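2 protein chains.
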Amino acid sequence: MISPDNYPSKALKDAVEAISSLPGVGSRSALRLALHLLKQPADKIHHFAAAVDNLAEGVHYCRTCMMVSDGDQCAICADSRRDHKTICVVESVRDVMSIEATGQYHGVYHVLGGIISPINGVGPSDLTIKQLVARVAADVEVILALSGDVEGETTSFYIYRQIEASGCKVTTLARGLGFGDELEYADTLTLGRSIANRQAFKP
Amino acid sequence: MISPDNYPSKALKDAVEAISSLPGVGSRSALRLALHLLKQPADKIHHFAAAVDNLAEGVHYCRTCMMVSDGDQCAICADSRRDHKTICVVESVRDVMSIEATGQYHGVYHVLGGIISPINGVGPSDLTIKQLVARVAADVEVILALSGDVEGETTSFYIYRQIEASGCKVTTLARGLGFGDELEYADTLTLGRSIANRQAFKP
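Protein chains in written order, with this note's numbering: chain A, 4 to 206; chain B, 4 to 206.
None of these hints come from the bench; they were simulated from the model.
Check the hints yourself; a few may be wrong.
Pairs count within a copy or across copies, as identical chains cannot be separated in the list.
To be verified - Think about it this way: if two alpha-carbon atoms lie no more than 25 Å apart in a straight line, the pair counts; the simulated DMTMM-like pairs of lysine to aspartate or glutamate are:
hint : residue 1 : residue 2
1    : K88       : E144
2    : K13       : D46
3    : K47       : D190
4    : K47       : E167
5    : K88       : E167
6    : K16       : D73
7    : K47       : D86
8    : K133      : D86
9    : K47       : E185
10   : K13       : D82
11   : K205      : E60
12   : K47       : E60
13   : K88       : E60
14   : K133      : D82
15   : K16       : D46
16   : K205      : D46
17   : K42       : E185
18   : K172      : E60
19   : K13       : E60
As the structure is a prediction and not an experimental result, all values here were calculated from the model.
Just chain A, with the same shape it has in the complex (with noise of 0.2 Å):
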């Protein structure tokens, strides 16, 4: 057992209190992270650290669409292949990340920041909805591609109503069984979403 009570050295102490700020990791794992650092040389500590220092000024956000950036506007959005009538609403920068790992999508993208969950105190405001509301007009698609619990769909139906009457075109991602997925293993509401939402069978 070991308590926080028992640190030889503040600053191993200070350390792993901050490590154990990360979401997930516990004191115990922070502990073994810090002696790993701990062991490592001086430069490769100082590197480290100044990679994570970093992020509070060496980040910037792309000005029309919230995505994380290296300076004011990002790539996708200077990119003039791409389709600019075609937003693709998303929460994270890791969604948007996952779908460029598609390669499937041509169009740009919204950051949202967050989602609406009163649970944890995220409304409207705290999201980049007005940013978005700004960015839409009748010849533009939406396509709202948040997560399909109940906080998406929220978040989905909120936007719907902020962005309805510029009358643009709103879609969001299909939903259903997974390719290859098996239909004894999918869950009933997927199950049941696929079997309402059935589309038109092309050979």
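Given chain A, work out where chain B should sit, using these hints.
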């Protein structure tokens, strides 16, 4: 899927690469942690980075027992109430903290800083065995509190060979805990008892 070649920001990529250099942290978890930090206020990020950075110069080692310390002598070696004729030899700082947490031990320690492991390229000269040999005398008891696996036994035997000439008493932990168990994961009671029931080391 997130591929390392589609990071939207160099600063973010650097941070993710640094964090994923930690043991047991994959690039995906590293991204999750980096984005978590990114959401924090700048001063929190700086505080985190500073705490880690300080590991390089802020942590000192006790000149006697090689324990992590705030100065060149640790609190345990500086404590006159401890029995300085009983030296508990452990692999790492975590083991000292684990044993201290039991409250069963009132002697001092000697931190090897690792364990003899040819596979990992760790030899006797990489550990603080020389410093231990310099500490032992005929009126000293050395408790070999290393893990019960092959590497632990090998290290114990090597150290025994180095110090037996001094005529010191050499003991080892009672194996109340299963072989292969690591000290830090043992419960306080078991660990405390194995210190109390330590037995003469039989090579």
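Status of the hints after comparison with the structure:
{"no.": "1", "hint": "K88 <-> E144", "result": "within (6 Å within a copy, 78 Å between copies)"}
{"no.": "2", "hint": "K13 <-> D46", "result": "both (21 Å within a copy, 20 Å between copies)"}
{"no.": "3", "hint": "K47 <-> D190", "result": "neither (34 Å within a copy, 34 Å between copies)"}
{"no.": "4", "hint": "K47 <-> E167", "result": "neither (52 Å within a copy, 39 Å between copies)"}
{"no.": "5", "hint": "K88 <-> E167", "result": "within (16 Å within a copy, 80 Å between copies)"}
{"no.": "6", "hint": "K16 <-> D73", "result": "between (34 Å within a copy, 11 Å between copies)"}
{"no.": "7", "hint": "K47 <-> D86", "result": "neither (42 Å within a copy, 38 Å between copies)"}
{"no.": "8", "hint": "K133 <-> D86", "result": "within (21 Å within a copy, 68 Å between copies)"}
{"no.": "9", "hint": "K47 <-> E185", "result": "neither (34 Å within a copy, 28 Å between copies)"}
{"no.": "10", "hint": "K13 <-> D82", "result": "between (49 Å within a copy, 18 Å between copies)"}
{"no.": "11", "hint": "K205 <-> E60", "result": "neither (41 Å within a copy, 60 Å between copies)"}
{"no.": "12", "hint": "K47 <-> E60", "result": "both (21 Å within a copy, 12 Å between copies)"}
{"no.": "13", "hint": "K88 <-> E60", "result": "neither (31 Å within a copy, 53 Å between copies)"}
{"no.": "14", "hint": "K133 <-> D82", "result": "within (23 Å within a copy, 63 Å between copies)"}
{"no.": "15", "hint": "K16 <-> D46", "result": "both (21 Å within a copy, 19 Å between copies)"}
{"no.": "16", "hint": "K205 <-> D46", "result": "neither (56 Å within a copy, 44 Å between copies)"}
{"no.": "17", "hint": "K42 <-> E185", "result": "between (37 Å within a copy, 19 Å between copies)"}
{"no.": "18", "hint": "K172 <-> E60", "result": "neither (37 Å within a copy, 58 Å between copies)"}
{"no.": "19", "hint": "K13 <-> E60", "result": "between (27 Å within a copy, 12 Å between copies)"}
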